[in-house]
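Number of protein chains: 2
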Amino acid sequence: MNHLRFEEYNIGNNSGIFFTIDKFLYSTQSKYQRIDVFETPEFGRVFTLDGLTMTRESDEFIYHEMITHVPMFIHPNPKNVLIIGGGDGGTSREVLKHPSVENVIMCEIDSDVVNVAKEFLPTTSCEFDNPKLKIICEDGSKLIKKYKDYFDVIIIDSTDPTEGQGGLLFTEEFYKDCYEAMTENGVFSAETEDPFLHKKWLKLAYNRISNVFNVSNLYMGYVPQYPPGTWTWTFASKGLDPIKDFNPEKIKAFESELKYYNESIHIASFALPNFVKELINIK
Amino acid sequence: MNHLRFEEYNIGNNSGIFFTIDKFLYSTQSKYQRIDVFETPEFGRVFTLDGLTMTRESDEFIYHEMITHVPMFIHPNPKNVLIIGGGDGGTSREVLKHPSVENVIMCEIDSDVVNVAKEFLPTTSCEFDNPKLKIICEDGSKLIKKYKDYFDVIIIDSTDPTEGQGGLLFTEEFYKDCYEAMTENGVFSAETEDPFLHKKWLKLAYNRISNVFNVSNLYMGYVPQYPPGTWTWTFASKGLDPIKDFNPEKIKAFESELKYYNESIHIASFALPNFVKELINIK
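Here the protein sequences come in this chain order: Y and D. Sequential numbering from 1 applies to the first sequence in the UniProt record's numbering. Sequential numbering from 1 applies to the second sequence in the UniProt record's numbering.
Any given hint might turn out to be false.
The list treats identical chains as interchangeable, and a pair is accepted whether it falls inside one copy or across any two copies.
[Claimed, not checked] When the alpha-carbon atoms are kept at most 25 Å apart in a straight line, the in silico BS3-like pairs for lysine-lysine are as follows:
#: 1; residue 1: K146; residue 2: K252
#: 2; residue 1: K277; residue 2: K252
#: 3; residue 1: K250; residue 2: K283
#: 4; residue 1: K199; residue 2: K283
#: 5; residue 1: K146; residue 2: K118
#: 6; residue 1: K31; residue 2: K200
#: 7; residue 1: K142; residue 2: K79
Hints are computed from structural coordinates only; laboratory data are not their basis.
Taking the hints into account, I'd like the entire structure generated from these sequences.
Quick look at the structure:
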């Protein structure tokens, strides 16, 4: 019997989660971070960066569907899509379900993450060979500066913010560059942490995004892979509204492939508990 | 420096959570279960039964607001309310915020839980001396048989289901007795576990409730105190609809006291992800 156990501490180190490991599949120290992949009895394959769970096979669909389909079904006709981060491939898999999409750029800073996903995470990296997808391994905060008025959808699927490299995807300058890189009908989503353990970063990220974009709305989902099991993203645009401009008819094109997202969930995800509204100063 | 750590295993024993303990406040073995109360740096006081977290000061408001206010704001004028379980007092605290309420019976099988809550959990047990509240320490599945056509609202705030005592609050017979004990306009809510770790019980409980009541709807919330951080309850009634008969105007009476629940959250909580719909066989 195998008793190997993975432990993950939450911010502040006063709480955390653990899970049993059946097998270590891979471990490396890349230029940017420590990468590990485990086989587990409870969650299937688990992929971690610097000891924090990024992706679990059992329920990664929730995070990836929510970061992707909420903005994608608001845009009337998304063709050019940029994903910053998203190295496991789950977000590009969801983006490529939309029949209107012609070109997807996935800009993941760490080529080791892409290679590990390709080898060990087939359920998320399954579209890496899709001819519509271009994978670029460089710093997303630099790449974004090369584009003006080009992308219909920009998705920021980053790691947790830190004072270092990860923090560059949470600055007001970066969000301004995203704004510039988007078309007039452009829409945007970004992971903005959770409202229990990461109050400070949620607030910072949401406030910075709302300083830059004309429309900005926090939305939420049930995401067990990230303690405490609640996650937020921020939708933003130059004018499109997440409810009024939402086009649920288009969901029918691939509704049987969706395990979490649907029309009611889209609308419900924008309903915020009072303590979350207070956190981001909305009445 | 204190390194005491509490560990809680999820069902199946392949994953779990842990948190640091500053101080053991109380521990006892009652007739029914082991009861512990800890002081923690992350979650304030934590109250556990048989090693499972029941209540944490930091975020118990979410579970208690959702199990209470969803049914209470659907009933046009709730006067007589029955809570089965709910020994920590959080549910009775929320029920007693409604100005129409005249009598609340809280039927908690374990008198030790009530005594521990009174002494160590002042933020949830704060209404134990309210003259509108009657606390009865007996088996709820027996007490319910004494009432016919009496309660406007019945709330089942039980522990996790088991094959033993806790399981009696999840049987079809018990739900039938609840139906009989309710008035024509009566409404009902029950905790029905989570859709990740407790799929089997969620399904069983929801199906049994929907076999008995004319109207039954699962609803969900972000509840970090119970891994995996998502929780469900089931609303049921003899005829009232959770959306059409919802009366949001009445929230104004004490909206400043609500930290989670609001009009949008009420409606949004009934939106179910596709995998949850599938679990309970609804299209």
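Here's how the hints hold up against the structure:
1. K146 / K252: neither (35 Å within a copy, 51 Å between copies)
2. K277 / K252: between (32 Å within a copy, 17 Å between copies)
3. K250 / K283: between (32 Å within a copy, 18 Å between copies)
4. K199 / K283: So K199 and K283 pass the 25 Å test inside one copy only (18 Å; across, 36 Å).
5. K146 / K118: neither (27 Å within a copy, 63 Å between copies)
6. K31 / K200: neither (28 Å within a copy, 44 Å between copies)
7. K142 / K79: within (22 Å within a copy, 62 Å between copies)
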